[in-house]
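Trainee: Letter by letter, the chains look like this.
Protein chains: 2
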Amino acid sequence: MKIGIVAPARAITQEIAARAAAVTAVAYPAVDLVFHPQCFMSDGGHFAGSDAVRAAAFLEFANDPSFGALWFARGGYGSNRILDTVIPQLGAAAANKTWLGYSDMGFLLGALYARRIGRPVHGPMVGDVMRNGGDGVVARSLGWIVDRDRRGLEASAGKQPVAAFNLSILVALIGSPYLPDLTDHVLMIEEVSEPMYAVDRMLFTLSHATQLKGIAGVRLGRIGDIQPNDPPWGERAEDMIVRWCADMKVPYLGPADIGHDAANKVVPFGLI
Amino acid sequence: MKIGIVAPARAITQEIAARAAAVTAVAYPAVDLVFHPQCFMSDGGHFAGSDAVRAAAFLEFANDPSFGALWFARGGYGSNRILDTVIPQLGAAAANKTWLGYSDMGFLLGALYARRIGRPVHGPMVGDVMRNGGDGVVARSLGWIVDRDRRGLEASAGKQPVAAFNLSILVALIGSPYLPDLTDHVLMIEEVSEPMYAVDRMLFTLSHATQLKGIAGVRLGRIGDIQPNDPPWGERAEDMIVRWCADMKVPYLGPADIGHDAANKVVPFGLI
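For the protein sequence lines, the chains are A and B, in the order given.
Each residue of the first sequence is one higher than the one before, counting from 46 in my numbering.
Each residue of the second sequence is one higher than the one before, counting from 46 in my numbering.
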């Protein structure tokens, strides 16, 4: 299977690509990882090329029928800036693809799922091969893309419709036409590098979103790399999610095995 | 005029209250500033008392007909956590009040304006008396509340309906029933202590919000205390707002004289 790699937000290095290719060659010799040159570009600042460059690379691979899947290079910030350009230009070849990523890529996964284009999957990205346990990251990602190997799935996935998001990305989608209809879905959320007051504020937005009134319940992934709160924050994350779920009148269903780490499991949107 | 002071988010000190009272005694001797004891309370962590304590203090003063206005003590985080409790319990006495504050108080100003309860005003808070130029802060705030003194107004206010928000608070309201209908309003935004990628992401949410499609235009207040961006951010704030306004198909109308500083001008919501 040919799998395309693009970077709708930040760039990766050649070192990261080489490591991903090497692990893939051993574990999945039949897989042809194709890195778009855009993955290594820079706009001189935050992004892997300008908005136009990133949009063109995504569209080129997304509309190429020879690719079975797009595996996103890494997160950062910026995939929201290409949505208005790319979503209306996706053609028939996009409808057959699996899209794998998380974090900032949630903008694309959400927008694609809103229009039911292909199969959006929340899971590891190419850049995660550099973490401790990077081999497992590749096995889990390609295992799902190539073989639909269920061993890498988040344990609760597949029993009813699900969706998974970084909380910051989810709340940034709320109010927009790119937020998918998640009626009857279990919603999994995770977060990284935020102070707890900001997490609490995002949970307010989540719990008061008219668009999300019909969800079946919430699972809480890992809240990693918590930033200092001044004054100190007194409440545990699980108590917060229980409180906001009560406000939202939906059940809190327990933890989710997702997060910005090497253990991040695979969550295919919808039913498997 | 009796003006009540409550703290729906963080507490103030007795020193701050004493300073505000002293300046007021000289400049507005007819004003009776009444500090609710809740202003000085702590829940042991972030908040000026528990959610229940803060909600009760707000309701006590908001529903007391002897107060002509409520002047919020300071921001921080937390006024969103009392909305579900307080908004449905506001009575006839609340309809005659002016509500003055900004930053986190935008949750209350927005929710009050959504129901057209009293006169929400974006402007300085009690805690701002400790800034350099604190006397001017009091003059501007009480000048508007007591005398409808137009000298403290943001220069563009009053020509057509306006509303002003901290950007983080505005986007946290998007998607909820607490976001007021801002059709035909000029929207002023300001921000503080965020990295530029996060400001850009919030502008995405603003520009894609279905609820805000009818606004008349946007003015950009000050973006203060910008946090580091890694990698460096390459775009100026004004270029960003121009770009997102173009996406939103509304005019960018220029700067607004508001921000987290002593120069923060007064913006009464709606028409004056």
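No lab work stands behind these hints, which were simulated from the structure alone.
Fair warning: this is a prediction, and the values are worked out from it, not measured in the lab.
Think of the CB as a built atom: it goes at the ideal place given N, C-alpha and C, for glycine as much as any other residue.
Heads up, a few of these hints could be off.
Stated by the list, open to error - Using C-beta positions, here's what the derived DEER-type ranges look like:
id : chain 1 : residue 1 : chain 2 : residue 2 : range
1  : A       : 160       : B       : 228       : 41 to 51 Å
2  : A       : 133       : B       : 228       : 50 to 60 Å
3  : B       : 259       : A       : 259       : 37 to 47 Å
4  : B       : 291       : A       : 82        : 49 to 59 Å
5  : A       : 316       : B       : 79        : 54 to 64 Å
6  : A       : 294       : B       : 95        : 35 to 45 Å
7  : B       : 108       : A       : 275       : 30 to 40 Å
Said to hold, decoys possible - Which stretches of chain B does chain A cover? Using the computed rule of at least three CB atoms under 8 Å from a CB of chain A, they are:
id : segment
8  : 61-71
9  : 134-145
10 : 213-220
11 : 268-281
Trainee: It remains to establish, for every hint, whether it holds in the given structure.
Mentor: Outcome of the hint check:
{"no.": "1", "hint": "A:160 / B:228: 41 to 51 Å", "in the structure": "violated (28 Å)"}
{"no.": "2", "hint": "A:133 / B:228: 50 to 60 Å", "in the structure": "violated (26 Å)"}
{"no.": "3", "hint": "B:259 / A:259: 37 to 47 Å", "in the structure": "violated (26 Å)"}
{"no.": "4", "hint": "B:291 / A:82: 49 to 59 Å", "in the structure": "violated (29 Å)"}
{"no.": "5", "hint": "A:316 / B:79: 54 to 64 Å", "in the structure": "holds (58 Å)"}
{"no.": "6", "hint": "A:294 / B:95: 35 to 45 Å", "in the structure": "violated (22 Å)"}
{"no.": "7", "hint": "B:108 / A:275: 30 to 40 Å", "in the structure": "holds (33 Å)"}
{"no.": "8", "hint": "61-71", "in the structure": "violated (count 0)"}
{"no.": "9", "hint": "134-145", "in the structure": "violated (count 0)"}
{"no.": "10", "hint": "213-220", "in the structure": "holds (count 6)"}
{"no.": "11", "hint": "268-281", "in the structure": "holds (count 6)"}
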